[in-house]
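Model the placement of chain B on the given structure of chain A, informed by the hints.
The listed protein sequences derive, respectively, from chains A and B.
Residue 1 is where the first sequence starts when you use full-length UniProt numbering, and the numbers rise one by one after that.
Residue 1 is where the second sequence starts when you use full-length UniProt numbering, and the numbers rise one by one after that.
A few of these clues could be false.
[Claimed, not checked] Chain B regions said to be covered by chain A (calculated; three or more residues, Cβ under 8 Å):
(1) 43 to 57
(2) 255 to 262
[Unchecked claim] Here are a few chain A residues that face chain B, going by a calculated C-beta distance under 8 Å:
(3) S54
(4) D56
(5) P163
(6) E169
(7) D173
(8) Y177
(9) F178
(10) P215
(11) E216
(12) G217
(13) R219
It should be emphasised that the hints constitute simulated quantities derived from the structure, not laboratory data.
Keep in mind it's a predicted model, so treat the numbers as computed, not measured.
Ideal Cβ placement from N, Cα and C applies to all residues, glycine included.
2 protein chains.
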Amino acid sequence: MDAVNEERYASGPIGVFDSGYGGLTILKEIRRALPQYDYVYLGDNARAPYGPRSFDIVYRFTLEAVRFLFARGCRLVILACNTASAKALRTIQQNDLPQIDPSRRVLGVIRPTAESIGRLTKTGHIGVLGTVGTVSSQSYDMEVEKLYPGYRVTSEACPMWVPLVENLEADGDGADYFVDKYVGRLLEGNETLDTIVLACTHYPLLYGKIRRRVPEGIRVVCQGEIVAESLKDYLGRHPEMERRCRRGGTCEYLTTENPEKFTGLGRVFLNEDVIATHVDID
Amino acid sequence: MDAVNEERYASGPIGVFDSGYGGLTILKEIRRALPQYDYVYLGDNARAPYGPRSFDIVYRFTLEAVRFLFARGCRLVILACNTASAKALRTIQQNDLPQIDPSRRVLGVIRPTAESIGRLTKTGHIGVLGTVGTVSSQSYDMEVEKLYPGYRVTSEACPMWVPLVENLEADGDGADYFVDKYVGRLLEGNETLDTIVLACTHYPLLYGKIRRRVPEGIRVVCQGEIVAESLKDYLGRHPEMERRCRRGGTCEYLTTENPEKFTGLGRVFLNEDVIATHVDID
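Next comes chain A alone, as it looks inside the complex (with noise of 0.2 Å):
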């Protein structure tokens, strides 16, 4: 076998990058429902949070954090990061893949969440809580139009979810008034809405205060499941790159800021302790 065809039929870890701690949310399902495969994680702390940059910045960050996947032997990158999926995602897919390498792939968590939401819902009618990145790209409102024509989306931008998360007060009393404040305003004037969708890897961790804040005839979705499933489905429909994605168990934590700092807030998001190695990307 030639160099060529050997760098064809390399296998190598699948790639999950998120530009902080959320995207553990979405790794720790993955891994669940497809526990045979090895994983690198990335989190680009250092940069983190992604929520309020402009396209710009989220595009080069991204594709930066790609490259440097791509180059640890990722075949596959999932961008387990709303923001990212919303605003660097297709530029990526189409401008720079081919010019990289075309047989390698990029998936997002944008897609796969439309998809299951327009399954859920009823009435039509959507919510999406995401950061004012991913509410402004309004990469919701366009993938739902695609796949469910005639489906309304609104959407609301939740800003001090992630640093509520992240300073360890979504449990706390201080989280109530904002969980009050972009809940009321996703639900007001809008009755028809029977689904709402947690458009960022953070909120999960605050899906108890929320619950409660939502009318009970109204889901609340998490997309860790969701991409888990989507994911499993790819990898049977694209046997080709399955054969791409090497077979261990094991999962390799990488981070651009200190890794003792990425094990403690990791503990957070996963209930286990993780050890994180430092990396440059940039």
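Relative to chain A, chain B alone:
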């Protein structure tokens, strides 16, 4: 005059650096006290906030900013950011500056603030409210100990205050919980404390709420005027540097983020519209 001497006597704008928008509260007071000079403000908004980041990352980002401002002609750079002053200033002054250009200067905000609050306290017990980075560095404790041996410093990290200010929640009811929480912790069991410094450039925007939470007999000090007075004093004592600060009264605003975003939030800190230019510094 040969090239070396020309460079040695050339003048440039005074550089004012902050990780984000907070340094604008310092810039405002500096320009009020010293309106005759040219200024260039640099906000590393694409990678802000620095408050929660590790020593290594804050040092690396700050050094990049200082080198960038030197390349723009600045002979004097003010780190108008407590986290950068706490975690990067000493190493830059001692290790990097002698190699880059020993005739240039980088000054921080902690030394002048410590000098000033040491003169204000009567009990010798000072309170410091700052970011996790500033508090964990113990920079205020060390500066006060050097200048006023025997004085006591009690610190409290206020990690939710920067997100509150940057999300325009400083005047909202949601901020009350976090003002109560951090100020309450600072005061608890510290009856001798008579002077509190707001040791983060964002915190003046929460001054009203903080002032109402602190008993009347305790002074609450913002840094802007202190840093401005200290710079005036420094330039008076260093005529060779004063001559290298270009006169003209202008101010240029640079940001690593999208300039429209800078203009929007800049208004909150300066009460006026500023036109910013995008730059890459890494």
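Please name the hints from earlier in the document that this structure breaks, with their numbers sorted from lowest to highest.
10, 11, 12, 13
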